[in-house]
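S.K.: With mature numbering (1 follows the signal peptide of the UniProt record, and there is no 0) as the guide, the letters of the sequence shown map in order to residues -16 to -1, 1 to 523.
Derived from the structure by calculation, the hints contain no laboratory data.
Hints should not be assumed to be uniformly reliable.
[Stated by the list, open to error] List time: in silico PhoX-like cross-link candidates among lysine-lysine, alpha-carbon distance up to 25 Å: (1) K182 / K137; (2) K184 / K137; (3) K103 / K166.
[As the list claims (entries may be wrong)] If you anchor each label on the Cβ, the simulated ranges turn out as follows: (4) N487 / E451: 36 to 42 Å; (5) Y50 / V492: 49 to 55 Å; (6) Q249 / P29: 50 to 56 Å; (7) K166 / G32: 45 to 51 Å; (8) Y144 / V34: 34 to 40 Å; (9) D31 / G495: 55 to 61 Å; (10) E127 / M508: 43 to 49 Å; (11) S485 / T170: 19 to 25 Å; (12) N490 / P237: 44 to 50 Å; (13) V34 / L87: 22 to 28 Å; (14) M508 / Y83: 34 to 40 Å.
Glycine is no exception: its CB is placed at the ideal position from the N, C-alpha and C atoms.
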Amino acid sequence: IKLFLTCVSVSLLVTAQDFPVSIIHLNDFHARFEEVNSNSGTCKPDDGEVCIGGYGRVVTTVKRLYEEKKDLNPIYLNAGDNFQGTLWYNIHRWNVTSYFLNLLRADVMTLGNHEFDHKVEGVVPFLDSINSPIVIANVDASEEPDFDGKFTKSFIIDKYTRKIGVIGVMLQSTPNIASTGKLRFTDEATAVREEAAKLKSQGIDIIIVLSHSGLEVDIEIATNGGPDIDVIVGGHSHTFLWTGNDAPGPDYPRGEYPTIVEQTQHGNRRVLIVQASAYTKYLGDITVYFDDAGELVRYVGAPIYLGPEIQPDPEIQQLMQPWKQIVDEAGLRIVGSSKIEISKDGCSNGECNSGSLVTDAFVHSYVLQGPPAKGWIHASMSLTNNGGIRSLPTTPGTLNYGDLVAIIPFENTLDTLELRGDYVLEMLEYSARSTLTWLQVSGMKIVFNMTKPEGERVLSALLLCNECDVPAYEPLDLQRMYRFIMPSFLAGGGDGYYMISENRQNHVVGGIDIDAFERYVAQMSPLMNPITGRITVVR
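Given only the sequences and the hints, what does the whole structure look like? Please build it.
M.R.: Pasting the structure below:
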């Protein structure tokens, strides 16, 4: 595999017969119907925040690009994760999502893992109501009859003089992070390679992969997905790609737009990979030119920053009002305030004050229940996956209910369970494997040595006792049982934490996480939680 840094426009040999395809792409919308701030939370202009994005700006920009590129065969693709992330979804669910996406229909769409946040039955009504074809090549739905038949492996766009094949794919490990029932997910690259060969046999020689798998997997697909694919339009990893040093907007580029993979095993063919961050802050825009044989010869494009100078589509803004009124009635209710910035810095590789805030709130919910028969609290420790902490306010100030939902939007129950100490150690070692699995904690003091190999990185772990008269931190005992509070996602083995789900004892389903969080913020405001040293990392 060879990755190439690229310029925004590359020309090989262009002739008059070259066929352009203008790809407009959106990924990881996450219910950002309203404008967002630079941290992707609902914007508060009265607090001095700069308002960007929002579905109105998406529609304005897609319409403009369709008009400007009407001679370049424009297509509009949606790479999934349209559900979840704001109170709009928590209240309106799939209804509002399909309603507004249908107003500007994508030519093709795939699904993301968050479409399954309310299980298979939560996404089926969306599939029944959405007017865009849904493509997923690596899912077997034969054991989920309500889901089966509502998607295809690929879709052929035939509205122009040449046909364009679009293959859908989702992350094979989606069942680890979502409630996908009896759906079976297969290897991404294999599914793409097989479906692309079928399309090629039908005379389709322009083939796009629409992927909700993340940039790393997209690179694998580009490498091993066969000689028939040309472009991968991605999502899931929320990756902002940009070529050059003048990237607009709040996000930092994580690679080139497009990222190019050379298929050395197929005559050095090049496959383009594009992605456009997340949360409506950007819209992807690339035009790719193909020769008569369907080989890519030229491309030009860059993500478009949906900044404040872009006017939201007025029709969309008007249609949003009745939905927004219901959201505002719930979301604008003031719960508390913060004296400091609530930050995600360090959430994926250390301690962050937002993680401490959330996990402390979980423990506090059991303080309010009064002392148990033995000790000072039923459960003195909690943890959460860093992916469960989402958008944050950008500045200190008031916190309304909508802000809290944006921080932890997934409506998990707060469960208690017991784990033996050796499984606690296994859990902590698993946390240190990757930024994707990193935990935030309360009632624990952990030291990780990241210079050590996987499985040997926990240097020390002190746990806060609960069956004691005076709370104190004690060294982890591998044979002792420990009680934790955690979101039901983790209790069920989400993010690969099977050492929890397979070894838990005395599992009790608790109340909804957002209710505990709201009570904590109301009681503890103004918030001023610092970094306390509960997680120390040696590098």
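S.K.: Now tell me if each hint is right for this structure.
M.R.: Right, here's what the structure says about each hint:
1. K182 / K137: Holds - the C-alpha atoms of K137 and K182 are around 11 Å apart, at most 25 Å.
2. K184 / K137: holds (14 Å)
3. K103 / K166: holds (10 Å)
4. N487 / E451: 36 to 42 Å: violated (20 Å)
5. Y50 / V492: 49 to 55 Å: holds (53 Å)
6. Q249 / P29: 50 to 56 Å: Given range 50 to 56 Å: holds, Cβ gap about 53 Å.
7. K166 / G32: 45 to 51 Å: For K166 and G32 the Cβ distance comes to about 49 Å; the hint holds.
8. Y144 / V34: 34 to 40 Å: holds (38 Å)
9. D31 / G495: 55 to 61 Å: 30 Å Cβ-Cβ, so the 55 to 61 Å window is violated.
10. E127 / M508: 43 to 49 Å: Cβ of E127 to Cβ of M508: about 46 Å, so the range 43 to 49 Å holds.
11. S485 / T170: 19 to 25 Å: At roughly 23 Å between Cβ atoms, T170 and S485 fall inside 19 to 25 Å, so the hint holds.
12. N490 / P237: 44 to 50 Å: The hint (44 to 50 Å, Cβ to Cβ) holds, given that N490 and P237 are roughly 47 Å apart.
13. V34 / L87: 22 to 28 Å: holds (26 Å)
14. M508 / Y83: 34 to 40 Å: Holds, at about 38 Å.
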